[in-house]
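**Student:** All the letters of the sequence shown, read from the start, carry residue numbers 0 to 96 under numbering that gives the first Met the number 0.
Mixed in with the good hints, there may be bad ones.
What the hints assert, rightly or not - For lysine-lysine, the following DSS-like pairs were computed, each having C-alpha atoms within a straight-line distance of at most 30 angstroms:
hint, residue 1, residue 2
1, Lys61, Lys49
2, Lys58, Lys95
3, Lys67, Lys8
4, Lys34, Lys49
5, Lys67, Lys91
6, Lys91, Lys8
7, Lys67, Lys84
As the list claims (entries may be wrong) - Derived DEER-like restraints, expressed as beta-carbon distance ranges:
hint, residue 1, residue 2, range
8, Val24, Lys49, 16 to 24 angstroms
9, Asp11, Glu79, 17 to 25 angstroms
10, Ile64, Lys95, 44 to 52 angstroms
11, Lys8, Met32, 39 to 47 angstroms
12, Asn87, Lys49, 36 to 44 angstroms
13, Pro68, Lys8, 30 to 38 angstroms
14, Glu55, Leu89, 44 to 52 angstroms
15, Phe63, Leu92, 37 to 45 angstroms
Because the hints were derived from the structure by calculation, they are not lab data. Note that the structure is a prediction, hence the values are computed from the model and not measured. The beta carbon of each residue, even a glycine, is placed where N, CA and C say it ideally should be.
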Amino acid sequence: MSIITNINKVFDHRIRLGIMSILMVNEYADFNMLKELLGATDGNLASHTKALEKAEYIKVEKQFIGRKPNTRYSTTKLGEAEFKKHINALEKLINKK
């Protein structure tokens, strides 16, 4: 088995890595929170959240707060497991001597 076997291509972009990192330590995050923390544009963030949603790594909830639409994201069990495998693979790769 290769040392890069568990490196997951879905997480190969820094925005996706950032989204997952934020969601792993928070129960959920809304679109504006992710946008502010990551310094991403609306379109960029939307495309990366869509890719993570398509992979079933994050769950999307749309609701209204007052009259304003609010989209919030959380990790799925699959997303948590795959992200942990990805981080462990990166750590093994970095520590490989």
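**Student:** Compare the structure with each hint and give your call.
**Tutor:** Status of each hint after checking the structure:
At most 30 angstroms may separate the alpha-carbon atoms for a hinted pair to count; Lys61 and Lys49 meet this at roughly 13 angstroms. Proximity of Lys58 to Lys95 is assessed by CA-CA distance (about 34 angstroms); at most 30 angstroms being required, the pair is judged violated. A distance of roughly 35 angstroms separates the Cα atoms of Lys67 and Lys8; the hinted pair therefore is violated under the 30 angstroms criterion. Of the supplied pair hints, the one linking Lys34 and Lys49 holds, its CA atoms being roughly 14 angstroms apart against a limit of 30 angstroms.
Taking the CA atoms of Lys67 and Lys91, the gap is about 44 angstroms. The hint is violated against a cut of 30 angstroms. Annotation: proposed proximity of Lys91 to Lys8 holds, straight-line Cα distance about 17 angstroms (limit 30 angstroms). Of the supplied pair hints, the one linking Lys67 and Lys84 is violated, its CA atoms being roughly 37 angstroms apart against a limit of 30 angstroms. A C-beta distance of roughly 22 angstroms is found between Val24 and Lys49, which places it inside the suggested range of 16 to 24 angstroms.
Restraint check, Asp11 to Glu79: a C-beta distance of roughly 18 angstroms satisfies the suggested window 17 to 25 angstroms. With their beta carbons about 47 angstroms apart, Ile64 and Lys95 fall inside the hinted range of 44 to 52 angstroms. Between Lys8 and Met32, the C-beta spacing of about 26 angstroms breaks the proposed range 39 to 47 angstroms. Range check, Asn87 to Lys49: about 26 angstroms between beta-carbon atoms, so the 36 to 44 angstroms window is missed.
For the hinted restraint 30 to 38 angstroms between Pro68 and Lys8, the CB-CB distance of approximately 31 angstroms keeps it satisfied. Evaluation of the 44 to 52 angstroms hint for Glu55 and Leu89 yields a failure: the beta carbon distance comes to about 21 angstroms. The hinted range of 37 to 45 angstroms is satisfied by Phe63 and Leu92, whose Cβ atoms lie roughly 44 angstroms apart.
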